[in-house]
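Could you fit the two chains together into a complex? Lean on the hints.
Sequence lines, in order, name chains A and B.
Quick note on the numbering used here: the first sequence kicks off at 238 and runs consecutively.
Quick note on the numbering used here: the second sequence kicks off at 1160 and runs consecutively.
Quick caveat, the hints were computed from the structure, so don't treat them as lab data.
It is possible that part of the hints are untrue.
Claimed, not checked - Example chain A residues on the side facing chain B (calculated, C-beta under 10 Å, incomplete):
1. ALA275
2. GLN303
3. ASP363
Think of the CB as a built atom: it goes at the ideal place given N, C-alpha and C, for glycine as much as any other residue.
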Amino acid sequence: MLQKKICMLGSFAVGKTSLVRRFVESIFSPEYFTTVGAKVDKKDVEVAGQKMTMVLWDLYGEDDFQKIRWSHFGGAFGFLLVADGTRRATLDKAIELEQKARDAVGVLPFVFVINKSDLADEWEIDSEAQASLAAKGWKILHTSAKTGEGVEQAFLALAQAMLDK
Amino acid sequence: MMESLLHAFLREQGYALLEPAPDGRFTLVSEPPQWFQSIWGQAATQGKPLNLGESSPYLENFLPTAQEFWKSSTEEVCASGTWVERMPSREEIPLEAVALRVDGKPLLSIYNPKNEFRETSRYLQTARDSKLAHERLLKEIQKKEILLHCIVHDLSQPLAAMRGCFECLDAESSTPKAREFVEIGKQQSVRQETLIREIVQAFAADLKATMGSVDSMAGPPDLLKCARETVTAFSPMFESKGAVIRIDPQIDPAGDWKVAGEESRLRRVLANLVENSLRYSPRDSTVTIGLDVDGCFLRARVEDEGPGLPPGSTPSTVFALFSKGKEGGGKAGLGLYFCRMTVTQWGGSIGCESLPVRGARFWFRLPRAAAEEKPAATEEKPKANSTDVAGALDVPGPQGSTQTRGKLPLQETAAPLQAIPRRKPAASLRILLAEDQEDVRQLTAYLLEQQGHEVVALADGRKALQAQTKQRFDVLLLDEEMPGMTGVEVTRKIREREKTSGGHQVILALTGNTTEQDQERLLGAGFDRCLGKPFHLADLLRTLGELNLQPIAISRPEPAPPANPEGEKNLLARVGGDARLLRTMIKTFLRDSKRKLSEMRRALSRKNGIALAAAAHALKGSASIFGSEKATRCSQRLQEMGRNDELALALPVFLELEEEIALLHGKLRGYGTAGGKSPGQPVQRNRGPRAQRKKK
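Next up, chain B with everything else stripped away, as it sits in the complex (with noise of 0.2 Å):
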């Protein structure tokens, strides 16, 4: 009765009972539920030994480790695992196989465990369903986020140059309806940045609930945890390309990685600077994942044993929307791009670099999540400006996109505009301006120069401290971030050099990254003040007045000498005593020389050797009517360069013209006046167009 009960049991439960022969088949010892006969057909229920394998390879792969567990003694559970068989009806059921020892008996239990079935693939389904729809949602918001760039980007960079022609253009007109029409252009462009900001705002207002849905509930995200995971996903890879990849053992596993940012865009990003280098990796060479700490900052760095960077390129073009490596190594040219993006999105900066030896390294840089309290710096609304200075020059942040507002001053785009007045400044300034972007660098260079300040406008940072060894400025506007040697950099170096030279070089950063942290960083670097990019010419010209600049010519070592009577006796000999026709020739060598060093300048930045060569040519001509004949050297020189092409040592070479052309223009200013200046009194100072004109 108890049997017979057991076995209803058994088959009602889903569960069919066997018992191994000695000859491999199987006879059952319980009532077999009506799959098992579907499946091994009637002899099932015949008490006739059974072939399980012939019906069910799964089951044929099972039996051989079943045999080993009966022969074994092993306490150990010996499980088939789940298997879906299909019956003749095409129905399919899910099936598990156990090896049981029943009082030393051995026995084979065959299951349906539908219910578990139906549970475990809802499960699996949804945390599946669930992965795809966030691996989507990741990609969606990585497309889109670049999208938002791409609009940022192109419309905001002919945007800004655009508004520093019309500001040029309003210097340059002569009429008032020439003045109303710059005017009229002035007012629509900025219509265009607001309409252009608002469309940015609108999108980024969408992709912050995007996000906010997909990740609110994640703490700040883990440095070190993301690095290691990167390593771990991207190993096999290495290997079979056979390299290796690794994270620093400097690497301080204890510390605090925390950082600002989402962990799963810091993966992407991550994983985007190891395939770029996986991508240049050689065989038997090893990437290297390293962290830093870097005051505010936590910095990863990804290093590779490859080429290294191509020549001429710089992180602005590496890191650039549809960039693609050498040979077209990348795929969409996005990967990068969206690295750049994230990382300033979240207050943080990036960059590359070649190695000495062989190899790149590619770094970025986030605030510590202990800094992260405060909005990220695109939360933080732009800092109103004073409305009497807006509509100036608008210049560009790094890549020209409308930057992230911080701390620094930054200009408000919507204001009214008013142009800013023309006057002669109260001092006018020497300034050393080092810019890798050539439209910031010539348009800042350009209506500094309108104001009467004199500029000397270089591409990088090593030429602009070489130009401050041999030279003196008033002042030097660094940009952070540039090829061969930052700002940084070159403030390091003047700082150290001031602790045996003294003396105090007075330095302000450009710098598109603008939060708090940015500039406690940059100040502990050793500049005197930050302005954040993209900034207003009057916010410039503002921060230049704050730090009180008393010109170098009051101290200048070499002032310029007074007028030399015999020099002007000399001169006006050679224009036959005219001293009208000399006041003329002078009053054209002060324009037409400014515009020659102009003209030869704008040809070195674009390496025209032809254009240098016409220039200097002209040049030459003047200085040895004047007399200089170290200007006419310089010249002579800087044709000869030109003309071959060779411009690679031609900078040193303008530099010293540019000095001595500007000798020469203190020398020629007190021609003609009543016994010039005495000595120690301030060098009258080339004051750029504008300010000739209203000297005039």
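Looking at chain A on its own, in the form it has when it is part of the complex (with noise of 0.2 Å):
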């Protein structure tokens, strides 16, 4: 079967590890635990006829504290880049490891997801910054790991663009 590695990119505590924790086991905890070094769990998927088993590395997300190693994407066919959408900042902290992760290791198919759609009346990122990102040809999902919503179809989204490349 086919294999993918995919890392899992953003800023602390905006919801990677529940993404993933969500997509593999159909679970969530409210309380947060911050990711220190990586973790990496498997999930078989079938897109569009083709079945392909997605090899998930949840990283810690970068600070102050800890940076990205970029030795941890060698393999890597795409990226989940994750944001919070009720912190303006963390959006800010995406677009600059995007530009990262194109510095460090090429090209890469990713899709962008701005979490805790739960929470949308908190949200600070708005329709006009994520249109000029849209613009730029970035992929957009909302998602909530809390209640589930979005979160497969972010993950199939990006292993179709990882099929499609």
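Next up, the structure:
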């Protein structure tokens, strides 16, 4: 079966681990436990009749305390770029990381996920900011690891993007 | 013996040592810990070669790097970094691999750093939890501040106007009972205001306590540092839009850019302004953050190359609560409001304007940190006012909020009520009032007129300068911040002109910026005095009194001509020689023409062509009766302009008419008296309805 490695990329506390857990194990914990290091999970999916094992690398979020090790991206076919809709700064970090990823490992398919759609009333990332990213060709999806909304679609969209490449 | 001890030691310490084989597999060279067997199985203990990558994708990713290390002669440590491996029991265990060379022999160490991992996790968890809590707290503070200012704004604005209206009603009330009712209304409005202030103070104390816990240790923020951080934070966003953000290269990096305020909120102010500029920045454009020294202040400006401010917008509207850009570009309309609120709280000011060619400039200025020793303007206690003047109009500050209280004379709203004595002033002044807030302008003008002064009220600085060029005024009352041309700019131009023309126009600043530094700055700009907003009418009257103004009529080069017996004869002839009728007509004209001028002024400020035409039509008839060709002509023009709704050029005509009517008043007051006044005597000025009543 086709096997594709993907990385989770984004600022801290945006919900990368929660998205993976929701996708792989269908569970959600409201408590925030920071990720230290990396954790690898697998999930079999089928996209457009093609079976695929997604190897999900859940990487710690980048901040002042921890910087991304781009060697983790070795062999990756794509990445899920995650921001927290309620924290504007995580969008800026996502844009910065996308650029860094391009510089470090070249152009890879990715899907930009704005998480915490269950808190849409508190979002600080407005539609204009999203529109300007969409105009650059970013695929943007809204997810809620808490409710599961959009989570599977996001991973499958990435799987599709990797197949299309 | 030693070897077996060493193996046992490594096992107990959580290490597994492996030797690479040429085929890419590994053989254990030490006794493996339990976790190793759980992951790689029993085969691990039987000396069989292991394919490590098969069971651990993370290690699979690291091994090529390790292979390269063994082939090289580098001295650098080759470590995998920490990863978490899940064992068959679903227990998760942190691991770290290190490629080693021992006596030239390649080795791979896999280690379970459980203690370090626990400590690192705790440290990072605490740090990130704190950071999230800080972010949440700042958001809460922002929400509270907005709520606080909404309360002040929404409750104070109508209240100030209501009190002004009571004052006006008081002036117009003719019966004791009516005045009694008005007095009750005034008293209740003061009570209401006291309640609002108490609520505000309670919120402010709460906020102060919260902020104190967040930032009590922080020193004054560095504006340049915050600007640089903002540029760094926004660069990716700008890049994604095909635009550029930069720091103005002219800024002196060695300068002292510390300002009054608090760093995280200052960053948010800058971020909000930059975000706003980003929203309107086209592709291939640049947004520049510049910093300037402005006396005791530092000024930050964010300049973009977008379409500029929408036509008709003013700083008041742009920075208003829930104000959104064109096409609803903004979010909730809170960002710029927050900027204004925050900057004002720190004793600064904020503004915006379109740039000459294209783009817009958003700026704010804050007191330099050196001047920060004194408490911020909001923390200063209101200066108590003398009780004999309380109860007059409370003129709202910028945006109608209960403004910061500083060194400038401000009113004490809770003082016991006592109406201003309506007396004929010692000197009736001709006053030019320039104020962009319509309600403030109208009420101030009205109440000054009630005191017998003659007021020309205009909505912006450019018109004020124009009027001052054409007419003479005893004093100019200029709002500091107005669209088009600020009061400061008007004053500077007048002072420049005076260098060659001589003379000295007395100018009073009306300002919401009320710190001592503000006062110094405004006096330095050429103002004679400053009056902080909100102010009582009584404060204004006292300030005018302190200026010892001599009514310009004494030195006015074009004094109204004395009564012209010929003119009087002609007028008498027109009314069939009935002197009594003529006197009645003159009285009526003196009263009505003033009213019509007020209606026209109001119509102009509201851009109401129909109302302008109606008032101009009525005045034209009266003016022609009294033989003033110029007033008739001006009225005719204004009537036509109003009918055609072409008001762009109406103001100069109106000012001309106003001047002509004032001259006509002077003439007419001389009629019916014994020989009128001799040349050189002060012109009898229009003293407003109240004064006229007294005169009667």
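Hints, one by one, checked against the model:
no.	hint	in the structure
1	ALA275	holds (5 Å)
2	GLN303	holds (7 Å)
3	ASP363	holds (5 Å)
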